[in-house]
Amino acid sequence: MEKFTRFTSRVVPLLVDNIDTDQIIPARFLKVTDKKGLGDNLFADWRFNGDGTPRSDFVLNAPAHCGAQILLAGDNFGCGSSREHAPWALAGFGFRAVISTSFADIFSNNAMKNSILPLALAAGDHARLVALLGADPAAELTVDLPSQSLLVPGGGAMRFPIDGFAKSCLLNGVDELGYLFGFMKEIEAFERSTSRS
Amino acid sequence: MNAAGPKTLFEKVWESHLVHQEPDAPAVLYVDLHLVHEVTSPQAFAGLRSRGLPVRKPGRTVATVDHSIPTGDPALPLTDPLASKQIAQMEENARWGGMRFFGMSSDRRGIVHVIGPELGLTHPGMTVVCGDSHTSTHGAFGALAFGIGTSEVEHVLATQCLLQRRPGVFEIRIEGKRGPGVTAKDIVLALLARIGVGGGTGHVFEYTGSAVGALSMEERMTICNMSIEGGARAGMMAPDDTTFEYIAGREFSPRGPEWDRSVAGWRALPTDDGAVFDRSLTLDITDLPPMITFGTNPGMGLEVGGPVPRPEDITDPSQRSALRKALEYMNLKPGEPLLGRPVNVVFIGSCTNGRISDLRLAASVLRGRKVDPAVRVLVVPGSQAVKREAEAEGLDRIFKAAGAEWREAGCSMCIAMNGDQLSPGQYAVSTSNRNFEGRQGKGGRTFLASPLTAAASAVTGKITDVRTLS
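Going down the list, the sequences are from chains A and B.
Using my numbering, the first residue of the first sequence is number 50, and each one after it goes up by one.
Using my numbering, the first residue of the second sequence is number 1350, and each one after it goes up by one.
Rather than coming from a laboratory, the hints here were simulated on the basis of the structure.
Any given hint might turn out to be false.
As the list claims (entries may be wrong) - Estimated spans, in silico, between C-beta atoms of each pair:
1. A:176 x B:1629: 28 to 36 Å
2. B:1635 x A:223: 50 to 58 Å
3. A:176 x B:1402: 42 to 50 Å
4. B:1674 x A:203: 30 to 38 Å
5. A:227 x B:1372: 17 to 25 Å
6. A:240 x B:1437: 30 to 38 Å
7. B:1421 x A:240: 21 to 29 Å
8. A:113 x B:1722: 31 to 39 Å
Only a predicted model underlies this, so the values are computations on that prediction, with no experimental measurement involved.
Glycine included, each C-beta is placed from N, C-alpha and C at the ideal position.
The whole structure should be built from the sequences, with the hints applied where relevant.
Below is the structure:
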C-alpha cells in the first residue's frame, strides 16, 4: 500500500448529501474480477449521457477540475452497498481524499484500505470551505495527515479526526493483514480455548 | 465497564469473540461464519493466491452465486460473458479454497442471506460476515452479522478474524400492535423515514419491545436486513422460542445433545435487565399505515396515502436541495399523492422480501385476480428451496394465472446486474431494499414497499393501498 502523508491539490465540489455507492460505481460495472479500470466508470450515471458522451453540466467533466485529487461532498458520503469497488473507482480516477461531514462506516473502512482518506470536517468548517471554494474555485488545499489538518489558502487550518490505528497504517503504507498475522498465536489459542475447529 | 454487570446482547456476542485487544488499536474479532458470493470475492481470492496463502478455515466458509446469475429459463446458457466469468471464477475459487459451494446447478443455492438461515448455518450468538451490506439480515437470530469490503473478505479468508472498532449500541424499541395490511417492511420503512439513512452510523441496532417478540423469524429478517439502510452495519434481535423453533431440524442445525447444549447457551444471550444502551428510540406501530418510499434513498418514505413532501416546507438547505433533486429524478410534484400513480413494473423478491412468507403475502392478494396488463410483474424467490416450497403450495400457479412471471432464485432486479432491470424512466414498486438512482436499472425509478402493497399495485397498475383493494 502507498504511504499517505501530505499532498496539495485543487478540489472538485460535489455538494450532494447521502451519495451512495451505487452512484459512485453503478452495479452493472461490478461484473469484474480485478480492480482495474473502475475509475473510467466513476459516477457513470451522473457523468455520462445515455450515448456515453460526457455530460457538460457534471462537475467531474469540467476541464478546470481535471487532475484534482480531492472530492468535496455533502454529508454521509458512501452509504449503501459494501462494494469496495467504490474506493477502487475513486482511486482509479485519481482521488486521494474525500471531504464530507460524515462517512458511512463500511465505506470509511474500505477507503482507508485503499489509501483514500475519508476526511470528516465539522459542519462549520465544511460550510466555510464551501464558501471559500465558491469564491475561488481554483483554490488549492493541502491535506496533512501527520497533523490531521486541512490547510486552506491564507494560512488557515481545519482539523479533522481519524482513528489512530488507521492513521498509522496510512502513514506507513501498512496493510492490516500483516498486523492481523502478528496475532496468529492468539487466534490459535482462542480456537483451542473455545473448542472451535 | 463492569465485566460482571448487566450486558447487552451485542456486548455478549462481541466479548465472546474477542481474540485480542491492543490498547488504542481495533479488536481482533473471531468470525464464526463467512458467507461468500461471486461479486465481492474474486479480488480477495486473487490477493490470497498472490501472497501464497490458503483459505484458513474452509469449514467456516460457505459460497454461493446470487448477484449476477440470470433468473430466466435455467436450461438456457449464460449469455453475459462477464457474469459467466465471475460465476466460473467463484466455482474455481471455492474448489481451490476447499469450501462448501452452492453453485448454479445446486438445489440449495439462493441469495446468500436467504440460504444462511434456511440451511441452519446462522445461529444465535455467532459472528457472521459477508462482502455484502445486507449481512445485517442474520442479526434476526441474535447473531452479530455485518457487511465487509473485499479487503476484509481477504482478511477473513486468511485468518478467520477481522480488525474491528467496537460500535455503539442503539436500541430501537418497537411497541404496539400492527393493523391489517401492515407488514415488517412497513415497520422498517417507518423507522428509516424517522431516523434517515445516516441515523445509525457508528452503531449496531438492537431491536427490542413487545412488537419484536411477536414477529415471525422471516419478519425479523426483513427488519434486520434494512438496518444498513439506516447506517447501522448490524441489527440484532434477542433469540427466543420463535428463533429456536425456526432453527430446529435444518440441515446444518445442531442435533441431539448438541442441540440442547446450544439452546441453553442461546437462552443466556438476550440483553440483561439494567444493561445500558448508547442511544434509544421508541417506535409505536399501533396506528402505522402501509409505507412506501417516494425518493432516492430508503429514508425518503411516507404513508402510502400521504402527499409527496414539499421542499419549501423544509428549513435545512441541504435537505431541501436533496429533496428537490430526488423529486426531479423521480419526476414527482411536491404535494401530489402517490396513490393512483401508474407503474410499469412490480418486483417481488430480494433478501428483504423474497422468503416463503413474503410470497404467501403476495399470493394472498393475487389469488383469483389478474395483474394489470400494462404492468410487468416479476416474482423471484429468494432461493431454490423457497421456489420448491412455493410450488408445493401452488403459489406459482397463482402468480402465473394472475399474469406474473415466476422466475428462478437470485438477487435479480434488486441490484439489476443480471439483465433483470428497469428501462430509463420506468417506475417500479419493489419489495427490495434500495431506491437509489439507477439501482434497478439506469434511469429507473423505484418505490419501495411491502409484498402486499406491491401485489395490490400489480393488480391495479397503480400505487395502491392494499386495504382498499376491492
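Okay, the hints, checked on the actual structure:
1. A:176 x B:1629: 28 to 36 Å: holds (31 Å)
2. B:1635 x A:223: 50 to 58 Å: With a Cβ separation near 53 Å, residue 1635 (chain B) and residue 223 (chain A) satisfy 50 to 58 Å, so the hint holds.
3. A:176 x B:1402: 42 to 50 Å: holds (47 Å)
4. B:1674 x A:203: 30 to 38 Å: Given a distance of about 32 Å, which is inside 30 to 38 Å, the answer is holds.
5. A:227 x B:1372: 17 to 25 Å: Holds, at about 19 Å.
6. A:240 x B:1437: 30 to 38 Å: Given range 30 to 38 Å: holds, Cβ gap about 33 Å.
7. B:1421 x A:240: 21 to 29 Å: For residue 240 (chain A) against residue 1421 (chain B), whose Cβ atoms are near 44 Å apart, the range 21 to 29 Å is violated.
8. A:113 x B:1722: 31 to 39 Å: Violated, at about 51 Å.
Violated hints, listed in ascending order, are 7, 8; each of the other numbered hints is respected by the structure.
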